[in-house]
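Undergrad: Single-letter residue listing:
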Amino acid sequence: MRQPHASDELPGELLMWILIVSELAVFAAGLAVFLSVRITDPEGFAQAQDMLDRRAAGINTVVLITSGFLAAMAYRMRQLGQRGKARLLLISAALLGVLFLWIKGAEFASKSAAGIVWDTHPFFNFYFLLTGFHAAHVAAGVVLLPLVAWRDTVENIEDATAFWHMVDLVWVLLFPVIYLLR
Amino acid sequence: MTERALYIAWATLIALSLGSTALAASGLWVHWPVASGVAVLVLAWWKARIILARYLGLDAAPAWRRRFDFGLGCLCVLMLGLYLAPLAM
Chain A
1 MRQPHASDEL PGELLMWILI VSELAVFAAG LAVFLSVRIT DPEGFAQAQD
51 MLDRRAAGIN TVVLITSGFL AAMAYRMRQL GQRGKARLLL ISAALLGVLF
101 LWIKGAEFAS KSAAGIVWDT HPFFNFYFLL TGFHAAHVAA GVVLLPLVAW
151 RDTVENIEDA TAFWHMVDLV WVLLFPVIYL LR
Chain B
1 MTERALYIAW ATLIALSLGS TALAASGLWV HWPVASGVAV LVLAWWKARI
51 ILARYLGLDA APAWRRRFDF GLGCLCVLML GLYLAPLAM
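In order, the protein sequence lines correspond to chains A and B.
The first sequence begins at 1 in full-length UniProt numbering and counts up one residue at a time.
The second sequence begins at 1 in full-length UniProt numbering and counts up one residue at a time.
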């Protein structure tokens, strides 16, 4: 008989948790390096940060958190057997993901129009790399959520929404460090 | 996870996010950079804990929840140390 393992206690798929921890570790390393480089030029980093649009990033935070909430509600509805509501919530969550990407795209476009590119200052190396890599995860989630609205088993929805919450989790750590810490 | 718990988690996350954004936009940062930095990182840690516990279901796995809380706490302490380092120079 198989002995119970500590990982059995984790909700959902173990592989999804490995992915969550791996992604957190990657972004944590990125943020730690960002703050380490900042030590060499705190004034320059502060000036570069002041060129960011904090209001847009704040709106994007509300958008992503609300999208995560809709995804969590979708999983709950699917558990209760309310497939139609679950599908609608998943599509709504994906649409908010699209809105996040649109705002992020506008932010990148405004930087480009102002002549700010990745090598303008070391701050922008990290800004484009970390927020761009995060946006790529949002794009993946935007594809994944409608996919599980179509193939709507409880397990599929659990995995896709866990991925989406990971994207949310990374953003709540990324947003304050890149945009708010002065 | 009940629907009510999910609503409360969402409202708390929104309030904490608006709180940290308002703090960054306020003049408090000029006078109390250390306290403001600590507050923003504590709020980030709090938000991450809510997502893990409520949305990712770690409320049902308390031992894992404690491990994640500790790990994220260590990360926030590290980031705080790196943020404060220029002030000590």
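It cannot be assumed that every hint is accurate.
Claimed, not checked - One side of the interface only, derived from the structure: several residues of chain A facing chain B at Cβ under 10 Å: (1) G12; (2) S22; (3) L24; (4) A32; (5) R76; (6) F133.
To be verified - Derived pair list, reagent style SDA-like, types lysine to any residue, alpha-carbon separation capped at 25 Å: (7) K104/A - I14/B; (8) K104/A - A22/B; (9) K85/A - L6/B; (10) K104/A - A25/B; (11) K85/A - M1/B; (12) K85/A - L16/B; (13) K104/A - T12/B; (14) K85/A - L23/B; (15) K85/A - T12/B; (16) K85/A - I8/B; (17) K111/A - Y7/B; (18) K111/A - M1/B; (19) K104/A - L18/B; (20) K104/A - R4/B; (21) K104/A - W10/B; (22) K104/A - A5/B; (23) K111/A - R151/A; (24) K85/A - A5/B; (25) K104/A - A61/B; (26) K111/A - P42/A; (27) K85/A - A25/B; (28) K104/A - T2/B; (29) K85/A - F128/A; (30) K85/A - G19/B; (31) K104/A - F128/A; (32) K85/A - A22/B; (33) K104/A - L23/B.
Honestly, the hints are just simulated from the structure, not real lab data.
All figures in this text were calculated on a predicted structure; none of them were measured in a lab.
Each residue gets a CB set at the ideal place from its N, CA and C atoms; glycine is no exception.
Undergrad: Are the hints correct? Go through all of them and say.
TA: Right, here's what the structure says about each hint:
Interface restraint check: G12/A against chain B, minimum CB-CB distance 7 Å, threshold 10 Å, status holds. Interface hint at S22/A: violated, since its Cβ lies 13 Å from the closest Cβ of chain B, which is beyond the 10 Å cut-off. For L24/A, the suggested interface contact is upheld, since its CB lies about 8 Å from the closest CB of chain B, less than 10 Å. Because the smallest distance between the Cβ of A32/A and any Cβ of chain B comes to about 6 Å, under 10 Å, the interface hint for this residue holds.
Hint on R76/A holds. Least Cβ distance to chain B is approximately 6 Å, under the 10 Å limit. Using the Cβ-Cβ criterion of 10 Å, the hint placing F133/A at the interface with chain B is not satisfied: the shortest such distance is roughly 17 Å. Of the supplied pair hints, the one linking K104/A and I14/B holds, its CA atoms being roughly 19 Å apart against a limit of 25 Å. This hinted pair checks out: K104/A and A22/B have alpha carbons roughly 20 Å apart, not beyond 25 Å.
At most 25 Å may separate the alpha-carbon atoms for a hinted pair to count; K85/A and L6/B meet this at roughly 16 Å. Using a Cα cut-off of 25 Å, the hinted pair K104/A and A25/B holds, with the two alpha carbons roughly 20 Å apart. Taking the CA atoms of K85/A and M1/B, the gap is near 17 Å; set against the 25 Å cutoff, the hint holds. Our distance criterion of 25 Å between C-alpha atoms is broken by K85/A and L16/B, whose separation comes to about 28 Å.
Taken as a hint, the K104/A and T12/B pair is honoured in the structure, with Cα atoms around 24 Å apart against an allowance of 25 Å. Restraint check for K85/A and L23/B: not satisfied, since their Cα atoms lie roughly 37 Å apart, outside the 25 Å limit. For a cut-off of 25 Å, the pair hint linking K85/A to T12/B stands: about 24 Å separates their Cα positions. Between K85/A and I8/B, the direct Cα distance comes to roughly 20 Å. Compliance with the 25 Å bound is thereby established for this hinted pair.
As the CA atoms of K111/A and Y7/B are separated by approximately 36 Å, the hinted pair breaks the 25 Å bound. Distance restraint check for K111/A and M1/B: the Cα-Cα separation of roughly 41 Å exceeds the 25 Å cut-off, and the hinted pair is therefore not satisfied. For the given pair, K104/A sits about 18 Å from L18/B by alpha-carbon distance, which is consistent with the 25 Å threshold. A distance of roughly 31 Å separates the Cα atoms of K104/A and R4/B; the hinted pair therefore is violated under the 25 Å criterion.
Taken as a hint, the K104/A and W10/B pair is honoured in the structure, with Cα atoms around 22 Å apart against an allowance of 25 Å. Among the hinted pairs, K104/A with A5/B is inconsistent with the structure: their alpha-carbon atoms are about 30 Å apart, more than 25 Å. Annotation: proposed proximity of K111/A to R151/A is violated, straight-line Cα distance about 39 Å (limit 25 Å). Proximity of K85/A to A5/B is assessed by CA-CA distance (about 18 Å); at most 25 Å being required, the pair is judged to hold.
Distance check on the hinted pair: K104/A and A61/B sit about 35 Å apart at the alpha-carbon level, beyond 25 Å; violated. Taken as a hint, the K111/A and P42/A pair is honoured in the structure, with Cα atoms around 21 Å apart against an allowance of 25 Å. For the hint linking K85/A to A25/B, the alpha-carbon distance of about 38 Å lies beyond 25 Å, and the restraint is violated. Among the hinted pairs, K104/A with T2/B is inconsistent with the structure: their alpha-carbon atoms are about 32 Å apart, more than 25 Å.
Between the alpha carbons of K85/A and F128/A the distance comes to roughly 37 Å, so the proposed pair goes past 25 Å and is violated. Restraint check: the Cα-Cα separation between K85/A and G19/B comes to about 32 Å, which exceeds 25 Å; the hinted pair is violated. Simply put, K104/A and F128/A have alpha-carbon atoms about 11 Å apart, close enough for the 25 Å limit, and the pair holds. Proposed proximity of K85/A and A22/B is contradicted: the alpha carbons are some 35 Å apart, above 25 Å.
Distance restraint check for K104/A and L23/B: the Cα-Cα separation of roughly 22 Å lies within the 25 Å cut-off, and the hinted pair is therefore satisfied.
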